[in-house]
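Given the sequences, and given the hints that come with them, work out the whole structure.
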Amino acid sequence: MKQKINFKIEKKEKSIIFRLKPNIYPLETIYLTCYAFLDRAYLFLDGHPKKEIIVRLKGKESLSPRELEGLAGEFNNELLSAALRRKISQDNKKIREAVVLRALASAQIQKRYLLDDFLNIDVSRKKSGRKTGPRKNKKK
Amino acid sequence: MEINFNKNLYSRQAIRRSIKAYRRLADFDFQEGKNYFKVSLKNAAPDVARVIGDEFSNYVLSLIKFKQG
Numbered sequence: 155m156k157q158k159i160n161f162k163i164e165k166k167e168k169s170i171i172f173r174l175k176p177n178i179y180p181l182e183t184i185y186l187t188c189y190a191f192l193d194r195a196y197l198f199l200d201g202h203p204k205k206e207i208i209v210r211l212k213g214k215e216s217l218s219p220r221e222l223e224g225l226a227g228e229f230n231n232e233l234l235s236a237a238l239r240r241k242i243s244q245d246n247k248k249i250r251e252a253v254v255l256r257a258l259a260s261a262q263i264q265k266r267y268l269l270d271d272f273l274n275i276d277v278s279r280k281k282s283g284r285k286t287g288p289r290k291n292k293k294k
Numbered sequence: 261m262e263i264n265f266n267k268n269l270y271s272r273q274a275i276r277r278s279i280k281a282y283r284r285l286a287d288f289d290f291q292e293g294k295n296y297f298k299v300s301l302k303n304a305a306p307d308v309a310r311v312i313g314d315e316f317s318n319y320v321l322s323l324i325k326f327k328q329g
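Heads up: the protein sequence lines correspond to chains A and B, in order. The first sequence runs 155 to 294 under the working numbering. The second sequence runs 261 to 329 under the working numbering.
Don't read these hints as lab results, they were simulated from the structure. Errors might be hidden in some of the hints.
Subject to a maximum C-alpha distance of 25 Å in a straight line, what follows is the list of computed DSS-like cross-link-like pairs (lysine-lysine) [as the list claims (entries may be wrong)]:
1. Lys204/A <-> Lys175/A
2. Lys294/B <-> Lys325/B
3. Lys205/A <-> Lys325/B
4. Lys205/A <-> Lys162/A
5. Lys175/A <-> Lys325/B
6. Lys325/B <-> Lys214/A
Next comes the structure, spelled out in structure tokens:
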């Protein structure tokens with residue numbers, strides 16, 4: 155099986171040039187991947203966000219061609235991982251928002267009751283026709 | 261040394277903030293071309309002269325804000 159490689163190693167400059175298609179790896183995914191490599195390599199972006207994005211990756215320490223190839227492989231793996239994370243994040247967006255909304259709403263209700271307790275105002279009892287005013291602890 | 265940052269991929273704000281952070285290490289000049297932001301570095305501190313361009317580019321990249329999921 156013939157494999158298409160998306161990078162080229164420039165031995166002279168000891169760097170790797172990636173040519174990435176934004177329809178496979180969106181720009182956000184590429185940013186995320188680059189971000190993960192900032193401590194290990196020097197990265198530089200060029201190209202067009204809708205046609206082709208070029209990433210130049212250079213090791214912070216002098217790397218042999220074999221090490222560069224390893225780094226390129228890791229970069230490709232990280233690209234895949236970032237793309238998957240992004241997709242899952244997009245798929246779960248509505249669920250995430252619903253969970254946060256519900257948590258905020260219940261916190262708001264709780265806050266209201268706590269405030270009522272603090273001020274000794276019992277709104278719920280007032281509405282239900284029970285006596286209002288400071289609560290008294292029942293004697294056992 | 262001149263670094264050309266693609267306008268479609270790098271933000272002006274990130275570059276300006278990076279220049280502010282690195283201004284003690286070199287003299288910076290910022291110019292805006294048609295497709296690129298051009299940053300010139302001069303009189304870099306001798307101990308960082310070799311890596312300042314690459315480190316600066318990384319710093320700009322780290323400041324880019326993008327929309328996630």
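The hints, checked one at a time:
1. Annotation: proposed proximity of Lys204/A to Lys175/A holds, straight-line Cα distance about 8 Å (limit 25 Å).
2. For the proposed pair Lys294/B and Lys325/B, the alpha carbon gap of about 22 Å is at most 25 Å, so the pair holds.
3. Taken as a hint, the Lys205/A and Lys325/B pair is honoured in the structure, with Cα atoms around 21 Å apart against an allowance of 25 Å.
4. Using a Cα cut-off of 25 Å, the hinted pair Lys205/A and Lys162/A holds, with the two alpha carbons roughly 18 Å apart.
5. With a C-alpha separation of about 21 Å, the suggested pairing of Lys175/A with Lys325/B holds against the 25 Å cut-off.
6. Among the hinted pairs, Lys325/B with Lys214/A is consistent with the structure: their alpha-carbon atoms are about 24 Å apart, no more than 25 Å.
Hint compliance for this structure: no hint is broken.
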